[in-house]
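Q: The lines below spell out each chain.
Number of protein chains: 2
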Amino acid sequence: MSSMFTPDSNLELFFPVDLIPAQVKAQLHPDVHLRPLASTDYHRGHLAVLSVLTVVSDPGESNWLAQFRSMRAALNTYYPIVIVSKQTDQIVGVGCVFIERKFLRGLGSVGHIEDIAVDKNQQGKKLGLRIIQALTGISESSGCYKTILNCSDDNIPFYEKCGYQKKENEMAKYAPERPQPSARL
Amino acid sequence: MSSMFTPDSNLELFFPVDLIPAQVKAQLHPDVHLRPLASTDYHRGHLAVLSVLTVVSDPGESNWLAQFRSMRAALNTYYPIVIVSKQTDQIVGVGCVFIERKFLRGLGSVGHIEDIAVDKNQQGKKLGLRIIQALTGISESSGCYKTILNCSDDNIPFYEKCGYQKKENEMAKYAPERPQPSARL
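Quick mapping for you: the protein sequence lines, in order, are chains A and B.
Numbered per UniProt numbering, the first sequence finishes at 185, counting up by one with no gaps.
Numbered per UniProt numbering, the second sequence finishes at 185, counting up by one with no gaps.
Calculated directly from the structure, the hints in this document are not laboratory data.
Watch out, some of these pointers could steer you wrong.
[Claimed, not checked] Per the computed footprint, the stretches of chain B lying under chain A, defined by three or more beta-carbons under 8 Å from a beta-carbon of chain A, are:
| hint | region |
| --- | --- |
| 1 | 15-22 |
| 2 | 45-56 |
| 3 | 134-147 |
A quick note: this is a predicted structure, and the numbers were derived from the prediction, not measured.
Where a beta carbon is used, it is the ideal one built from N, C-alpha and C, also for glycine.
Using the sequences plus the hints, can you model the full thing?
A: Here it is, written out as structure tokens:
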């Protein structure tokens with residue numbers, strides 16, 4: 001298989017690559033590579049993979065990059081990872097954990113896993129499991145006393161296989177609709 | 001009633017006071033005052049109120065203050081609020097919302113409400129409701145498309161009264177026990 005994926009050393013990565021657990025990388029399917037989000041991943045299909053989850057509008061590259069830098073400026077908070085196909089250098093899986101600092105539990109921290117998505121053409125490679133393992137590892141090595149995530153009823157068995165247990169209920173309130181910028185005169 | 005509570009202008013506040021919705025302040029019980037967490041709140045019983053929720057060990061004032069500054073250094077991320085008794089200047093309620101930035105939903109943001117606690121001697125003043133209203137207001141005026149929180153089955157009716165609806169399931173994984181520092185030689 002010809003490999004055309006960009007090596008980590010040629011990328012501006014969101015966080016240091018050695019925070020990703022070595023044992024997760026060692027178990028990764030050989031077709032793919034797991035690394036931190038890079039500043040040029042807008043061009044590798046990052047938003048296309050996220051669109052499996054919800055509404056994803058394209059903000060354009062400069063706004064995407066501004067978000068990348070804004071999130072990174074919140075030091076030691078966001079840890080977004082991607083899985084790229086070694087053959088195409090395109091993103092086939094994404095996930096993020098952000099570390100919330102608290103005053104309770106002896107100034108404890110909690111890792112929140114968000115926005116896990118895997119390309120539908122990559123079934124059977126356990127990429128979802130590897131993403132959860134990598135993010136849980138980052139959370140725990142950052143000192144978090146627990147890692148949490150929200151999921152639908154259908155996905156509970158998958159997360160149980162990842163070592164998670166149902167705990168509480170997610171409650172949500174959606175903001176009132178705001179006027180779209182295009183509606184303004 | 002003699003009032004000895006410290007005015008906002010004499011405090012170093014976590015975030016600008018005008019981010020707290022005026023209509024929530026207007027509805028607040030007259031015995032109390034709602035404001036951002038202040039750098040001296042370690043001395044106003046902040047950790048005692050949090051201990052209603054879970055394990056709270058006292059890290060000492062200097063570590064508490066370092067956490068305050070570290071969280072504030074993550075710009076536009078954490079919005080911790082407190083309710084103080086006007087009579088005693090002690091904290092009787094706390095809550096926090098942190099704003100998570102995302103790549104999906106047109107670079108959208110989500111508000112996560114965490115660590116709501118109210119002193120058990122303050123029942124009947126709707127302080128829990130005011131805390132949720134204030135944090136939801138901060139979240140929505142920050143542009144979050146939704147605000148979420150996790151709660152037990154027992155607390156679902158309360159959050160429904162606050163305008164929230166059950167959405168998904170919270171899954172949690174606790175980190176393996178780590179050696180305590182005191183166990184090291």
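Q: Return the numbers of the hints above that this structure violates; sort them in rising order.
A: 1
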